[in-house]
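**Q** Listed below, chain by chain, are the residues.
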Amino acid sequence: MEKLKYALFTGCTAKQSTPEQMMSTMAVAEKLGIELVELTEASCCGASHLQDYDDFLSLVLNARNIAYAEKHGLTMVTICNTCQLNTAMTKHRLDNNEELKAKVNEKLAEVGLEYKGTSDVTHFLYAIIDDFGLDKLKEMVVTPLSQFNIAPFYGCHNIRPSELQNETHKTAENPYNPTSLDDLIIACGGETVDYDEKNKCCGFHVELQAPHTAAVLTGNAIAGAMDGNADWMVTPCPLCHLKLDTQTAHASEAIGREVELPVLHMQQMVGLALGCTPAELGLNHHLAKVDFV
Amino acid sequence: MSTEHKITTQKVNFKVFRFNADEDYLPYYENYDMEVTSEEVVLDILNRIKWDHDGSFSYRRSCRHGICGTCAIKVNGRSTLACKESMNDMVELFGNELVIEPLSKKRAVKDMIIDKGDFWEKHAAVTPYLVADIDENPESENLVSPEDAEKLDEADLCIQCGACHYACPAVEINEDFFGPAAFAAAYRFSADVRDNSTSRLADVNEEKQGVWDCVKCFECAEACPKEINPIGKITKLHQMAFQEGIAKNNVAVRHAVGFKKSIMKNGVLDEGGLVLYSEGPAIVKHIPVAFKMFTKGKIVPPWGITKSQNLDEIQKLVKSSSTVKF
Numbered sequence: 001m002e003k004l005k006y007a008l009f010t011g012c013t014a015k016q017s018t019p020e021q022m023m024s025t026m027a028v029a030e031k032l033g034i035e036l037v038e039l040t041e042a043s044c045c046g047a048s049h050l051q052d053y054d055d056f057l058s059l060v061l062n063a064r065n066i067a068y069a070e071k072h073g074l075t076m077v078t079i080c081n082t083c084q085l086n087t088a089m090t091k092h093r094l095d096n097n098e099e100l101k102a103k104v105n106e107k108l109a110e111v112g113l114e115y116k117g118t119s120d121v122t123h124f125l126y127a128i129i130d131d132f133g134l135d136k137l138k139e140m141v142v143t144p145l146s147q148f149n150i151a152p153f154y155g156c157h158n159i160r161p162s163e164l165q166n167e168t169h170k171t172a173e174n175p176y177n178p179t180s181l182d183d184l185i186i187a188c189g190g191e192t193v194d195y196d197e198k199n200k201c202c203g204f205h206v207e208l209q210a211p212h213t214a215a216v217l218t219g220n221a222i223a224g225a226m227d228g229n230a231d232w233m234v235t236p237c238p239l240c241h242l243k244l245d246t247q248t249a250h251a252s253e254a255i256g257r258e259v260e261l262p263v264l265h266m267q268q269m270v271g272l273a274l275g276c277t278p279a280e281l282g283l284n285h286h287l288a289k290v291d292f293v
Numbered sequence: 001m002s003t004e005h006k007i008t009t010q011k012v013n014f015k016v017f018r019f020n021a022d023e024d025y026l027p028y029y030e031n032y033d034m035e036v037t038s039e040e041v042v043l044d045i046l047n048r049i050k051w052d053h054d055g056s057f058s059y060r061r062s063c064r065h066g067i068c069g070t071c072a073i074k075v076n077g078r079s080t081l082a083c084k085e086s087m088n089d090m091v092e093l094f095g096n097e098l099v100i101e102p103l104s105k106k107r108a109v110k111d112m113i114i115d116k117g118d119f120w121e122k123h124a125a126v127t128p129y130l131v132a133d134i135d136e137n138p139e140s141e142n143l144v145s146p147e148d149a150e151k152l153d154e155a156d157l158c159i160q161c162g163a164c165h166y167a168c169p170a171v172e173i174n175e176d177f178f179g180p181a182a183f184a185a186a187y188r189f190s191a192d193v194r195d196n197s198t199s200r201l202a203d204v205n206e207e208k209q210g211v212w213d214c215v216k217c218f219e220c221a222e223a224c225p226k227e228i229n230p231i232g233k234i235t236k237l238h239q240m241a242f243q244e245g246i247a248k249n250n251v252a253v254r255h256a257v258g259f260k261k262s263i264m265k266n267g268v269l270d271e272g273g274l275v276l277y278s279e280g281p282a283i284v285k286h287i288p289v290a291f292k293m294f295t296k297g298k299i300v301p302p303w304g305i306t307k308s309q310n311l312d313e314i315q316k317l318v319k320s321s322s323t324v325k326f
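Sequences listed follow chains A and B, in order. Using the working numbering, the first residue of the first sequence is number 1, and each one after it goes up by one. Using the working numbering, the first residue of the second sequence is number 1, and each one after it goes up by one.
With the rest of the complex left out, here is chain B (with noise of 0.2 Å):
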């Protein structure tokens, strides 16, 4: 069998990102047509661009290994570390014309390097330290358990290259919004069993910047370049919040209990209820798309739900397995 690896090359249109802010009133895009080879990654092409064709071109770059985060960028909306990513996957998921843009293009700054104050504020604010009362000259070394390393779910690997953050669709709306990579580090540390910090997880439970607002779409999942799954670490977040009490009583935290509520007591949701729940007396604000929904026929009044069949099982499984009280 023939162990000779073959080298492939194909024709590619980028359409790049141009914009100095020095400069510039609106950004631009330029285009570039080269032979790829199978052997490149984004990365290459970007330094092709710069040495080939257009040396004002700028970018950020460093370890060349996946591990700096300094190299992420949008590949077709994707957010992409450049380093890392093969110029034949990018082909085979988009075809032959790529977009090369920065991660975030309302923060560019010049080309594809952005202005990452926001994501570094909102990484800061999150106490991403390990916050823990330890006598200076200790007897032992302070060791922490196979099994309890395993809690931190790999959380510990984020390069905080920000590709999860500027892909999340809530940071783009909400400026208050921790975002997934600051939620992630916020896990690692609260579930680091050295720490103690009191603060940390009440502040991820704010409303308006913290996990509460998470639209729940995985884009962070497929950004990040890691696979740390940052949504996973914030639906963590979330159960730490019912665990350790300090889950507020507001309306995203009766949304949730809700949910058990409704299912208890019809197997199914009562969705109008489940609103009334949620909501109280703000419920009001909804009247006029529930007017106009009743009209069409698509509000079921509390007496038309049809409940589960079997629903003493769901009963009975709901008291033996809760594992949580709010």
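So that you can see chain A by itself, here it is in the shape it has in the complex (with noise of 0.2 Å):
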């Protein structure tokens, strides 16, 4: 198989308050033999907020963003499921509207730049399956999972809205049935929980202004994962991690009930599959503690 390539968009928090999402993206993607080349010119995606204050400037920023990946000639690969969606959804709009389009690119020219829609892009989730391959995964698996049951989690925006997120990446995900993540698990050897949460929101988006809704939302989801006798989760997003993992305290005053497991990021645990050790995926930097490695 000819090495894979991608333009790496890290998205902000992977630089910031999820440092060990980068350390353990590159350490599986050099066990893997998959090339990243990180996209440092790029912006933030505006997360969903910049796009409720100016929809314009959001498309403007985000077609940016891909026009450097157009510029390698690759796909451009996220590691955020907000980062994933926004950035879907600009490629989607411009694709089908020449009139936005053109709009943008006599924006981006000012900066000699250019939207073409050339390059596809896809989640680091969806490229191992999809590019990659679990088959393959496995045969590389060296420290299988398999004393541990593990929830996915899966995070709103890779897998809603499905009719948007299905035409960037070849696995049909049904929203009500996600089954990417469970693969995944099971390629590395784990046990999936199912359990009625995993593929509902963590809040994370109004945690500043209904800490409320969010920290239930977040409770719930920790709780359902217990209840089902889960080790710890797992998901493809790190604000999922961050409401997942630094947010138990609220989470359980609001449920009214202690709620903590270990919520690894989905390259922390195919990590360790592979044999990464605890430090080159950062496994210390997560506030539930992580013990079982």
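FYI, nobody ran anything at the bench for these hints, they're computed from the structure. Heads up, a few of these hints could be off.
Unchecked claim - Selected chain B positions facing chain A (Cβ under 8 Å, derived; list incomplete):
1) 222
2) 242
3) 259
4) 305
Please read these numbers as outputs of a predicted model, since none were measured by experiment. C-beta: ideal position from N, C-alpha, C; glycine also.
Quick one: dock chain against chain with the hints and give me the complex.
**A** Spelled out as structure tokens, the structure:
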């Protein structure tokens, strides 16, 4: 197989509040032989909040990010569900509206760039599943996670709106019964935990303005995984990770029950199965202690 | 080439929510095994449960054409318009074990029938009608151009089924929150060029009840049987608040504006700076968690942020492409 190569859109979180996500992404990519060219010129995607404020500005900035992937001639790979949604949504809108694309390109021309629509946008989770292949991943597992019950937490913006996301990656995800993360857990040798909250919202986007709503959603998610006898949770979204890992005190208070579980990034789980060390994967950066390795 | 249409059958187990508020202390589930044909929709199954198994089974249905919105229920947790949803699709999505439940279990009155009072109260609260001072004896028709009609973005197709409302996790937790259907209605009239309401947009921008408490999970977009995309309307209501100058200087609004400021300064976000800008002095409540994050190496100080390369490009684009002031 030809070596896989992507333009990596890190998003902001991987460089700040989830440094372990960046570390584990690079470690896993190296193990799998995937080359990642970091888009150091990229700006924030707006995280759905800039979109509420100024839609056109958000389109221009996201188009600029994709334009840099196009300059490399590479598919853009994201490592955050919300970055994935905002970037994929921008691409969808521009690729289906010539007038809008022309307006955006008029702005990009001011800085010598052009959005052509030639680069695809996918999440690292789907790059592993669709492009690398789970069968090949299975063959590379050196430390099967067979002693663990692992609760997948999908995160909204990889699975909804399904129409958009299913045109972005080959794995047709059913938002009511998603399977990609479960399949990844099984490929790593773990047991998946089925629970009602696995495809629900973590509450991240209203943490500041509606803290009670956010805390209940977080609490319900962890409680669902605990009731399913999960040893730990795994998510492809750093924003979900932040909610589930750092907000357990608020969540426990909101739902009237002590809840806490280790919450690994998808890359950390794959890295463990591939034989990476806990230090390489940044497992010491979690608030909910990862004490099983 | 044969044009013969082949009808197939398969065995499905239905686990059906049963509850009679007049008689039962707690709800329970009844199992029904049926041979289901590829021609049937979910409403056919509800009919067969009542007609063939238990005449006391209760549900709502009316038009059977997907336009009255009466028969919305949940199948395996998915909001569904029973008369529109094919059984084949349900089995394909969830397999041969299907759980039939009302849209909201906590609002169940009898089996699938729920008290939609909260839904209608919230609908009424957003002034869901045209507010216009129109001459009772106009000299000519009050025409709306096709371009202006386009701006409604099909929000007028909502059938008030409640599928999105009872799929919304924020509605479930926050009883003040208007919910996606009410917001779609608010957008439908706010976007109408003939409308002169001065209060509707302000009402849907109030904290606790308004658009800023939307969790952005896209459940409403998935649930809507008419593909109205309520969260798209919520986003447009956010944008209207800025465009029409009614956005209040609160934590939610500053949080949105803070993204632009941070991108202008660094290209990427300064996450800590964004929280400080959004919360102001109230940021002190985050100190315990922030301290724990700091000890685990999860907080980068402002001077440690890696700015985007070619930041001058980003700054130039923010200046030239911004369409909104706050």
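**Q** Are the hints correct? Go through all of them and say.
**A** Against the structure, the hints come out as follows:
no., hint, result
1, 222, "5 Å, holds"
2, 242, "6 Å, holds"
3, 259, "4 Å, holds"
4, 305, "7 Å, holds"
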